[in-house]
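Line by line, the protein sequences are chains W and Z.
For the first sequence, the positions run 1 to 249 when our numbering is used.
For the second sequence, the positions run 1 to 237 when our numbering is used.
Careful: at least some of the hints might be erroneous.
[To be verified] Facing chain W, from chain Z, some residues (calculated, C-beta under 10 Å):
hint	residue
1	Ala14
2	Val99
3	Gly103
4	Phe105
5	Asn106
6	Thr134
7	Thr177
8	Ile207
Bear in mind the hints are in silico, worked out from the structure with no lab data behind them.
Bear in mind the structure is a predicted one, so any value in this text is a computation, not a measurement.
From the three backbone atoms N, C-alpha and C, an ideal C-beta is built for every residue, glycine too.
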Amino acid sequence: MASLAALPLAAAGQVGEGFFHERTPGNRPCQANPSHLFCWDWARENIDRYGTPALQQLELVLISVVLGFLVAFALALLAHRRRWLRPPLLAGTGVLYAIPSISFFLLLLPITGRSRETAIIALSAYTLQIIFRNVTVGLENVPESAKDSARGMGMTERQILWRVEIPLATPEIIGGLRIATVSTIAIATLAVFVHAGGLGTQIYGAANLRFPTSILISIVIVMVMAFIFDAALLTIQYFTTPWRRARAS
Amino acid sequence: MSIATPLFASFGGAIEFIFTPQTSNVTGGKGVGGLDQVIELLLAQLEVTVLALALAILIALPAGLFFGHRGKGELVAVGLGNAGRAIPELGLIALMAAVIGVGLFNLTVVLAILGIPPILVNTFVGIREVDRSTVDAARGMGMTELEIVRRIEAPMAVTSIFTGIRTSTIAIVATATIAPLAGVATLGEFILGENVYGSNGVLAGAILVALLALALEFSLAGLQRLLTSKGLKLRAA
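Kindly generate the complete structure, drawing on both the sequences and the hints.
What follows is the structure in structure tokens.
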């Protein structure tokens, strides 16, 4: 039909021959196929559009994790000094952790609206429990003998904290940071629900929801990002705890 | 005052939405929200959460116990746990809906997949951390391997196992919120359907999901206390 309709136009010289194509299952582009899993051609041509969402997601994660880390670390130091603060802080951060992120995002709507701030507050609140627990456990596990030696060397309590306890707790602290970072990278996908951008925009939305290629690309970017951060933090741990290597060899 | 007033109005509107049906612009005069619909969707979300959690436990717990007892597969278990954390839930649900199809069965399987890694890793680690000399003593007393797992290792690893189950529950109930994308109406219906339920509905959905998650968390914490053996509780105190 389409080619018949095109003939008068082609004859009149308005469009060149070959302008009209009949779409047959043979020459249909991959994304027009009702059942397709991944369109390599589309992906190759459109990979650019994932740059900005990926950067937005990265930005959300970095701000949230740094903020969460600062707060949780300060709380952990406080709880280390005043032991009675530990159970209430553990329970409080536990409640924040248990509230599903998507619900947390939307609970903040009346206060901060649909914005980046909303996403950052909810994401950093989510990291508190993981980091707080790991830092307290790390400080707890420092052998009493190490602290005694430091005392014997004439260190003050403050020096012991910063030069003995925290360095010895580094593996646990970075362990917590790894879990928090990797989880936050995945969860930041939900920021799309508060219009804070990120890779969720390439998953959620009428067109993308029926387009597995876009969903798969987004999943892969998120997981690769998580893997890179995990590896980077492990590397930092390796170089900040030289005594562990000395003991191992 | 200037901030507090609209704040009260928003939350007040959401709470009203939970208890009494509201008029909506798009349903042709049919009321939306109200306690009946809230309870229906709450039960639906609870149902799919419990089903998925049960499936995840059924697969991950025996596997964790087995590999933990054998002391094999540490790299696989830990790697799986790390990879599991990195999966974006939204992407997984959307992919399932687009490729495999929607429905309760598919959703349960996908949610269970999200729930398996934390239980597997924590069970594995919990069992590995049981003192080897304790296990040797049990073996010396003539216990079979199955008895050792059931009566020594599993009870001592209860705290770790429950940490896994709780993490997994949080992930599953949170993801069940976006289940409407997979064709299953849960409380997320209110959250994702702003044009039907209005901003009061969105906020009401967020409140209800948070309460459901906290209720599950507290129930599991209670269950954990019940299942921890008396001797271990004394040692911790």
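Results for each hint:
Interface hint status for Ala14/Z: upheld, as the beta-carbon distance to the closest one in chain W is roughly 9 Å, under 10 Å. Here the hint on Val99/Z is kept, as its CB sits about 5 Å from the closest CB of chain W, short of 10 Å. Hint on Gly103/Z is violated. Least Cβ distance to chain W is approximately 16 Å, over the 10 Å limit. Restraint check, Phe105/Z versus chain W: the minimum CB separation of about 20 Å is more than 10 Å; hint violated.
The restraint placing Asn106/Z at the interface with chain W is violated, with a minimum CB-CB distance near 15 Å, outside the 10 Å limit. Look at Thr134/Z: its Cβ only gets to about 21 Å from chain W, farther than 10 Å, so that hint breaks. At about 5 Å, the closest approach between the beta carbon of Thr177/Z and any beta carbon in chain W falls short of 10 Å, and the interface hint on this residue holds. Interface restraint check: Ile207/Z against chain W, minimum CB-CB distance 7 Å, threshold 10 Å, status holds.
Hint check: violations occur at hints 3, 4, 5 and 6; the rest are consistent with the structure.
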